[in-house]
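S.K.: The lines below spell out each chain.
2 protein chains.
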Amino acid sequence: MTAHVSLITLGVADVARATAFYEALGFKLSKTASQPEVSFFQAGAVVLALWGRDAQKEDANAEALWTGNGGIVIAQNVGSEHDVDAVMARAETAGARILRPTGKTFWGGYNGYFADADGHVWEIAHNPFWELADGSVKLPD
Amino acid sequence: MTAHVSLITLGVADVARATAFYEALGFKLSKTASQPEVSFFQAGAVVLALWGRDAQKEDANAEALWTGNGGIVIAQNVGSEHDVDAVMARAETAGARILRPTGKTFWGGYNGYFADADGHVWEIAHNPFWELADGSVKLPD
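Keeping their order, the protein sequence lines are chains A and B. Under our numbering, the first residue of the first sequence is numbered -1, with each subsequent residue one higher. Under our numbering, the first residue of the second sequence is numbered -1, with each subsequent residue one higher.
Incorrect hints may appear among the rest.
A pair counts as met if it fits within one copy or between any two copies, since identical chains are not told apart.
Below, simulated SDA-like cross-link-like pairs (lysine to any residue); rule was C-alpha separation at most 20 Å, straight line [to be verified]: (1) K29 / L130; (2) K102 / A53; (3) K102 / H80; (4) K29 / R15; (5) K29 / A14; (6) K102 / A18; (7) K136 / V36.
Derived by calculation from the structure, the hints in this document are not laboratory data.
Just chain A, same shape as in the assembly:
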């Protein structure tokens, strides 16, 4: 069994508000899988879930850890600098807080960062050195 990531759950203050935000960003909600308390989106090959922060904290039994941003960035790699600009503009229109406007990066790519209303940080990036197929990065060995 290979180790892998299949699902990311963001703890949020208001599931309905967060669901509207991520739908505005273009994530496809699974109406069948979702319930009022939890939303599931097909986010490329992984699932993005939105769940009440208190319920999630209790479920994980991790009270002491449950603050701030957590030092986690979730990234969407796209195929061009133009696509980075487009996704960041869409996020700003949807109400995201822009942390770093789009621009060249120190590693030779192009990116921008935003935060959602609950403080989760997203990077939208174009990496010209990486192979991208169907939204998935394929790393060399």
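Got chain A sorted already, so can you dock chain B onto it with the hints?
M.R.: Showing chain B alone in chain A's frame:
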């Protein structure tokens, strides 16, 4: 362009220590893509990256958000209750802090939670109601 998640970066105190931990869990390190300051793993269809917490915080321009766990759980969905037990045992051997031992969940599945040395929370889960193919969950519409 469909919205998607392609990469998750965990901010860590010690990249070498964290790299050894995730290799022990069975994640495949891309030696070609990695550097001493940053490790990249193919984690199923997404990439898992480990990067210095301070560098990441500065890059994202998100100082105020950069504390705690962030209310994010990264999940590995597996095909059976036995596989949940096996992955949790492997994590414990690798030095993970077990937050919630394996057991039945309120939603009809089976799971366990652990935290890595930097406080990032992982869920290992078997959901008998979801389709799993090559480590990726395929949601209904």
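S.K.: Could you run down the list of hints and mark each one as holding or not?
M.R.: Okay, the hints, checked on the actual structure:
For a Cα distance limit of 20 Å, the shortest separation of K29 from L130 across copies, 18 Å, qualifies, whereas the shortest one inside one copy, 28 Å, does not. Taking identical chains as interchangeable, the C-alpha atoms of K102 and A53 lie at most 20 Å apart only when they sit on different chains, with a minimum of 17 Å there against 39 Å within one chain. Proximity of K102 and H80 under a CA criterion of 20 Å is satisfied intra-copy only: 12 Å inside one chain copy versus 46 Å between copies. Taking the closest pair of Cα atoms, K29 and R15 come within 20 Å of each other only inside a single copy of the chain (16 Å); across copies the shortest separation is 41 Å, beyond that limit.
In the homo-oligomer, the alpha carbons of K29 and A14 lie at most 20 Å apart inside one protomer (13 Å), although the nearest pairing across protomers, at 42 Å, exceeds that limit. In the homo-oligomer, the alpha carbons of K102 and A18 never lie at most 20 Å apart, since the shortest distance is 30 Å inside one protomer and 31 Å across protomers. Taking the closest pair of Cα atoms, K136 and V36 come within 20 Å of each other only across two copies (17 Å); inside a single copy the shortest separation is 30 Å, beyond that limit.
In terms of the numbered hints stated before, the structure departs from hint 6 and from no other.
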